Amino acid sequence: MVFEGANQFRKAVADYAVEYRRQIKLRPNEKHRVRVKCKNANCKWLLYASIHRDSGDFIVKNYHPVHKCIPLNRNKLCNSKLIARKFKDRIVSQPYIRIWEIQDLVRKTLGLYVGKTLCYRAKQRIMKENMGDWKVEFARLCDYADMIKQTNPGSSCWVKIDKETEPGKNLFVYFYVCFHAFKQGWLEGCRNIIGFDGCFLKGACKGELLVAVGKNGNNQMYPIAWAVVDTETKHSWSWFIRYLIADLNLGTGEGLTVMSDMQKGLIPVLSELLPNAEKRMCARHIWSNWHVNWKGEERRKQFWRCSKASFEVKFGEEVHAMSKLGKKEITEDLLHYDPRNWSRAFFQTHSKCDVVENNMCETFNSWILAARHKSIITMLEDIRHKMMNRHIDMIKFAETWISDIAPMARAILERNKEYSNNCNVQWNGLNGFEISEGEYSFVVDLEKKHCDCRLWMLRGIPCPHAICAYYYLNQDPDQHVEHWYKKETFLKAYIHFIQPIPNMRMWPKTTNPSIEPPKPRKMPGRPGKKRRKSKGEPKKWGKLSRKGVKMTCTICKKTGHNKAVCARVRTQSSQQSSVCADTTAVPRTTQTTSTMGGPSHSTFRTTYATTQSSQPSSIYADTESVPRRPQNRVQVGTGRGLGRKKANVRGTPIVTESDSSSSQLPPLSGHKRPYNSASFAAATGGNRRPATGFGVYSNPTTGAQVFNPGTSSEKILHGPTKLKSASPTNIDIGFKPRGLKWKGKDAVSTSQLQQMKANRKN
1 MVFEGANQFR KAVADYAVEY RRQIKLRPNE KHRVRVKCKN ANCKWLLYAS
51 IHRDSGDFIV KNYHPVHKCI PLNRNKLCNS KLIARKFKDR IVSQPYIRIW
101 EIQDLVRKTL GLYVGKTLCY RAKQRIMKEN MGDWKVEFAR LCDYADMIKQ
151 TNPGSSCWVK IDKETEPGKN LFVYFYVCFH AFKQGWLEGC RNIIGFDGCF
201 LKGACKGELL VAVGKNGNNQ MYPIAWAVVD TETKHSWSWF IRYLIADLNL
251 GTGEGLTVMS DMQKGLIPVL SELLPNAEKR MCARHIWSNW HVNWKGEERR
301 KQFWRCSKAS FEVKFGEEVH AMSKLGKKEI TEDLLHYDPR NWSRAFFQTH
351 SKCDVVENNM CETFNSWILA ARHKSIITML EDIRHKMMNR HIDMIKFAET
401 WISDIAPMAR AILERNKEYS NNCNVQWNGL NGFEISEGEY SFVVDLEKKH
451 CDCRLWMLRG IPCPHAICAY YYLNQDPDQH VEHWYKKETF LKAYIHFIQP
501 IPNMRMWPKT TNPSIEPPKP RKMPGRPGKK RRKSKGEPKK WGKLSRKGVK
551 MTCTICKKTG HNKAVCARVR TQSSQQSSVC ADTTAVPRTT QTTSTMGGPS
601 HSTFRTTYAT TQSSQPSSIY ADTESVPRRP QNRVQVGTGR GLGRKKANVR
651 GTPIVTESDS SSSQLPPLSG HKRPYNSASF AAATGGNRRP ATGFGVYSNP
701 TTGAQVFNPG TSSEKILHGP TKLKSASPTN IDIGFKPRGL KWKGKDAVST
751 SQLQQMKANR KN
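Numbering of the sequence shown is given in full-length UniProt numbering, commencing with residue 1 and proceeding in unit increments.
Bear in mind the hints are in silico, worked out from the structure with no lab data behind them.
Model, not experiment: these values are computed from the prediction.
One thing to keep in mind: the hints can contain errors.
Said to hold, decoys possible - Estimated spans, in silico, between C-beta atoms of each pair: (1) D338 - T571: 51 to 59 Å; (2) I402 - W427: 30 to 38 Å; (3) R90 - N249: 43 to 51 Å.
All residues carry an ideal CB built from backbone N, CA and C; glycine is no exception.
Turn these sequences into a full structure, and let the hints guide you.
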């Protein structure tokens with residue numbers, strides 16, 4: 001066997017020892033010769049290699065391959081270098097992998113037990129080699145910006161440095177990048193909605209990554225631009241959004257919709273730089289804040305009904321239903337967040353997007369989780385590589401479409417077609433339709449593409465009411481889907497490609513200033529690996545926390561304590577002890593015992609008379625009234641055949657013995673099942689004799705209807721007595737948001753005081 005040098009030979013020996021789990025030693029271990037021998041003195045295994053004089057290669061000159069020792073599960077040649085070499089790909093793909101997970105991986109793969117320190121050193125070696133040297137990468141950040149502009153013309157890339165804090169040093173502040181392909185793709189193939197969010201970086205210098213993400217024609221994320229900043233503040237958001245406005249020609253935000261997670265620094269910046277844009281807030285974060293004081297699964301579902309109500313009448317009804325699930329404050333706390341920011345009923349329709357959650361940004365943040373552990377240039381390059389691959393995947397994905405409409409839009413359209421079967425149509429002869437569904441009546445105008453339910457205008461996909469109208473005119477609703485969901489528009493977002501960039505070693509030397517990285521911040525405690533869950537968010541595993549649960553006493557049925565410390569139990573025990581004391585005070589001469597050794601009847605009577613003067617211990621202390629059955633009641637025979645007990649006919653009411661003669665029911669002849677008039681009360685409006693026949697019976701007074709009354713197929717048709725119009729807007733729902741509170745009392749903010757002062761001067 002021939003090797004290039006001693007290093008290659010040592011790696012081969014280490015691989016052999018680890019694979020066969022043999023304990024071997026290298027002695028001598030020199031540059032020109034290496035002798036390998038088994039540590040077991042009784043084992044004759046031997047391997048010797050040295051440099052050949054003529055060729056200069058490292059050649060094996062002596063080898064005895066037979067082992068007489070047993071394999072062991074520990075090996076000194078399994079060091080940090082070998083672990084880093086064998087498990088490099090796994091650790092690079094999972095930089096957040098735990099040390100014990102690496103130990104378990106080595107044990108299962110190699111059959112060896114290794115220590116935590118060894119695995120820690122192996123991980124640090126890999127992180128240093130593959131995650132990049134953060135000092136070198138920060139120093140060449142300006143060169144990286146120049147390479148982006150040179151290889152991808154039209155792209156924007158800017159670096160902000162600080163020269164004043166430390167004279168003579170260029171401290172890093174911000175880094176912004178927006179590739180030309182994403183810029184043009186969003187302008188040509190995506191709807192006018194942008195989500196903003198920030199996520200933490202996991203490297204040595206920490207910091208945050210600010211992102212702007214749009215949505216493509218299939219409702220998937222479309223990253224537009226991102227920036228690396230030291231902290232998420234109003235100034236950093238303002239710097240980021242100013243460059244984004246310039247790149248996308250957003251102006252003041254006319255016709256644009258922006259969505260955020262209620263970040264304190266972002267909200268005022270959006271109001272200042274994009275005053276005419278529609279501002280939405282993630283309903284998931286609003287629910288998380290509101291949920292702190294109003295827990296419960298039913299309340300959670302009702303909140304999402306309020307958020308997804310598409311017209312104001314429906315929103316008002318859902319808020320009214322919410323008010324029944326708690327005190328008055330439940331709706332005040334809910335309306336404290338402006339419904340125009342989180343409810344579909346108040347969204348504008350220009351963006352053709354009805355999302356109420358900022359999932360597009362959350363998806364991007366989790367998508368780049370592995371890259372966020374690396375140094376700055378390595379991280380940015382990983383994001384660029386992922387975006388390059390995603391462009392190709394999206395083009396291939398569009399080739400799999402079975403129609404010209406995006407799969408997401410197709411699924412919504414087909415579902416709406418099924419819902420349209422429940423609608424009734426009234427046509428005015430032109431373009432106006434009156435569609436009734438359930439208890440609502442919707443006005444549809446096909447020429448204006450308008451429906452009172454607003455789902456058609458919000459999404460750009462025909463709603464069930466519009467589809468019902470198109471079917472009435474024998475038209476195909478597929479032809480009326482907005483162009484944003486068409487295949488041609490979808491591909492416009494991906495026809496511009498990202499150009500490749502050479503790695504750092506290929507960059508030419510420049511005179512750009514060397515940037516100093518931020519000082520590494522070592523946070524206290526063990527670094528967190530998972531997202532911080534909000535208060536009240538359920539765990540995926542483990543025992544449910546009982547924090548905040550109020551105990552209920554099983555004795556007095558009151559909250560705040562249990563039966564061990566119940567005052568009523570203590571009162572009863574003290575009374576019983578006093579009874580015992582009174583009993584023992586009776587003279588022994590008056591106490592006679594029976595022949596069986598127990599107290600006599602006279603003694604029992606004396607004790608009972610003594611205890612009767614105080615609270616009797618045999619009577620429950622709670623003397624409140626309890627519900628009782630009425631004396632005159634009717635029992636219904638149950639069971640099979642002719643019934644049980646006194647029921648002579650199956651299901652026939654019978655009267656108990658205590659019932660009076662006047663309350664007895666008349667006997668029924670035959671075995672015919674009696675007609676239940678209670679189910680017919682809704683249609684008859686009283687206790688009139690029920691009608692019998694086939695067809696639909698309608699009550700002109702109440703409007704209720706019964707199908708086939710008096711027969712075995714009788715069925716009450718549940719329908720509204722009066723249709724509600726979905727057209728009204730700006731309605732008063734009867735609830736108001738709560739004001740500013742401080743320690744449970746009404747308060748006024750500083751800005752409100754300043755406004756009041758200005759009004760007084762005027």
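Structure-based check of all given hints:
no. : hint                    : in the structure
1   : D338 - T571: 51 to 59 Å : 54 Å, holds
2   : I402 - W427: 30 to 38 Å : 33 Å, holds
3   : R90 - N249: 43 to 51 Å  : 45 Å, holds
Hint violations for this structure: none, all hints satisfied.
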